[in-house]
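Participant: So the protein sequences, as listed, match chains W and P. FYI, this note's numbering numbers position 103 of the first sequence as 103, with every residue one higher than the one before it. FYI, this note's numbering numbers position 25 of the second sequence as 25, with every residue one higher than the one before it.
Among the hints, a few may not be true.
Identical chains blur together in the list; that is why a pair holds if it fits in one copy or across any two.
Here are the simulated DSS-like cross-link-like pairs (lysine-lysine), alpha carbons at most 30 Å apart as the crow flies [claimed, not checked]:
(1) LYS162 to LYS18
(2) LYS190 to LYS162
(3) LYS21 to LYS214
(4) LYS94 to LYS19
The set of hints was computed from the structure by calculation and includes no laboratory data. In this text the structure is predicted, and so the values were computed from the model without any measurement.
There are 2 protein chains.
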Amino acid sequence: MITSSANPQIKRILQLNKKAKTRYEQRVFVAEGIKMCMEAPKEQVEAMYVSESFLQEESRREKIQGYSFEVIPDSLFRTVCDTKTPQGILCLVKMPEYRLEDLWKPARACREGRENRGNPHLLILEGIQDPGNLGTMIRTGEGAGATGIIMDKNTVDIFHPKTIRATMGSLYRMPFYIAPDLPGAILSLKEQGISIYAAHLEGDMAYHQPDYRKPAGFLIGNEGNGLSRETAGMADTLIRIPMDGQVESLNAAVAAAVLMYEVRRQRDR
Amino acid sequence: MITSSANPQIKRILQLNKKAKTRYEQRVFVAEGIKMCMEAPKEQVEAMYVSESFLQEESRREKIQGYSFEVIPDSLFRTVCDTKTPQGILCLVKMPEYRLEDLWKPARACREGRENRGNPHLLILEGIQDPGNLGTMIRTGEGAGATGIIMDKNTVDIFHPKTIRATMGSLYRMPFYIAPDLPGAILSLKEQGISIYAAHLEGDMAYHQPDYRKPAGFLIGNEGNGLSRETAGMADTLIRIPMDGQVESLNAAVAAAVLMYEVRRQRDR
Numbered sequence: 001m002i003t004s005s006a007n008p009q010i011k012r013i014l015q016l017n018k019k020a021k022t023r024y025e026q027r028v029f030v031a032e033g034i035k036m037c038m039e040a041p042k043e044q045v046e047a048m049y050v051s052e053s054f055l056q057e058e059s060r061r062e063k064i065q066g067y068s069f070e071v072i073p074d075s076l077f078r079t080v081c082d083t084k085t086p087q088g089i090l091c092l093v094k095m096p097e098y099r100l101e102d103l104w105k106p107a108r109a110c111r112e113g114r115e116n117r118g119n120p121h122l123l124i125l126e127g128i129q130d131p132g133n134l135g136t137m138i139r140t141g142e143g144a145g146a147t148g149i150i151m152d153k154n155t156v157d158i159f160h161p162k163t164i165r166a167t168m169g170s171l172y173r174m175p176f177y178i179a180p181d182l183p184g185a186i187l188s189l190k191e192q193g194i195s196i197y198a199a200h201l202e203g204d205m206a207y208h209q210p211d212y213r214k215p216a217g218f219l220i221g222n223e224g225n226g227l228s229r230e231t232a233g234m235a236d237t238l239i240r241i242p243m244d245g246q247v248e249s250l251n252a253a254v255a256a257a258v259l260m261y262e263v264r265r266q267r268d269r
Numbered sequence: 001m002i003t004s005s006a007n008p009q010i011k012r013i014l015q016l017n018k019k020a021k022t023r024y025e026q027r028v029f030v031a032e033g034i035k036m037c038m039e040a041p042k043e044q045v046e047a048m049y050v051s052e053s054f055l056q057e058e059s060r061r062e063k064i065q066g067y068s069f070e071v072i073p074d075s076l077f078r079t080v081c082d083t084k085t086p087q088g089i090l091c092l093v094k095m096p097e098y099r100l101e102d103l104w105k106p107a108r109a110c111r112e113g114r115e116n117r118g119n120p121h122l123l124i125l126e127g128i129q130d131p132g133n134l135g136t137m138i139r140t141g142e143g144a145g146a147t148g149i150i151m152d153k154n155t156v157d158i159f160h161p162k163t164i165r166a167t168m169g170s171l172y173r174m175p176f177y178i179a180p181d182l183p184g185a186i187l188s189l190k191e192q193g194i195s196i197y198a199a200h201l202e203g204d205m206a207y208h209q210p211d212y213r214k215p216a217g218f219l220i221g222n223e224g225n226g227l228s229r230e231t232a233g234m235a236d237t238l239i240r241i242p243m244d245g246q247v248e249s250l251n252a253a254v255a256a257a258v259l260m261y262e263v264r265r266q267r268d269r
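All chains, full assembly: derive it from the sequences and hints.
Facilitator: Printed below as a string of structure tokens:
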């Protein structure tokens, strides 16, 4: 049992939750809650911590059989968590590592049983700021059969506690790549024959007009400012999500969902 | 200039921002920020407050010409705001009032220029808890040409500061109805010939199979638990949003967006 807030393990969890820099130095992130801990690939779980009251319930004890774990008193446990009402379990998980080319190769579980297995379907993010939006895009992406998510360095950290929570576990299954050079990555995709579409107010075509049964990637820009001119300029086709009334733009996660599910709809037929 | 935190106007703003009960007693809500204040129908703006530094910029002073307003010192202004970095302007706005039948009649600005003007396209919400989700659904609804949003008493308040912010102004243009009796309201819709669809894991049809060029309403349930059995049972058709991988559900605002934009897509053709 760890009882002191000065314990180095407690300090480490706190730092990992607070600082992206610490996460990338150690290549580890914090997964909180039963779902996120149980869905983590077991071989990637580096450490597990539970609260005293978590251990008191038999059904919960059963879940963590076979894991080694440390116990933390409830009051101390709460102080290391990002959530306001923690479920009493957290893990330190090794970061998954993908290369850019992993995102267009037939990948693992998330595409099993799909007709278009491995047919590239990518989301390419520039400067997304809201961690909840990013997490929701990853969750929606898995549901819609996306094969990977690429983001630039200005996008909020994928291992931000709020991002992790919003993925609802999809983080473990969606291949992703943080591009040090986004234009370079987009060029590589184009060389693979992947058509690049940019959601843009001045799009030439409605979003449902292109044929997405062919390999496709979608550029989604920052919540406030959209795509940079340079990045939008790399798209093969500018597409438009029609908007009624006085709506000037959609929430970024909503726009991504509309596009990815249109791919899903076309590929299902 | 108001300088004391004990000033009754200051106390009123605080209460309106904090308590749904106060909002409904006074039939007034707080709109924060330039966009939300400028898009409020002028005749519904009951009072306007600006911070001292807001007044110092000429471009901002111009925006509020023709309004009467009170000035509040910056430090006091911050204390009454829900946002962490307020823009220095807020309004008290009279609640818009709609009847259920307003939601399926050809309505105002938000549908102007639409081929299917007034063709009912409704979102019906049960127990939505996240104010950001609710606001995003209202914003997406305006964009997708929805004619109205119905919610039950267990849905988070539409005038919650976070909901208002997430609507990005669509709150002023999207007709809505808070149903004291949701099953009764759904029955009224069905009597009008509006087909009711429920997004459901056990749906019989993929969501893109029905013909949405006819009047349609979509039931969306609580983020954690989905629709109640009773409400789902009132649907004419259970529809399924296909999900790959291990995804068990989509974010409620994402599911609503996929459905509403499918209506938009079909009606555009």
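Participant: Please write out, lowest number first, the hints stated earlier that are contradicted by the structure.
Facilitator: 2 and 3
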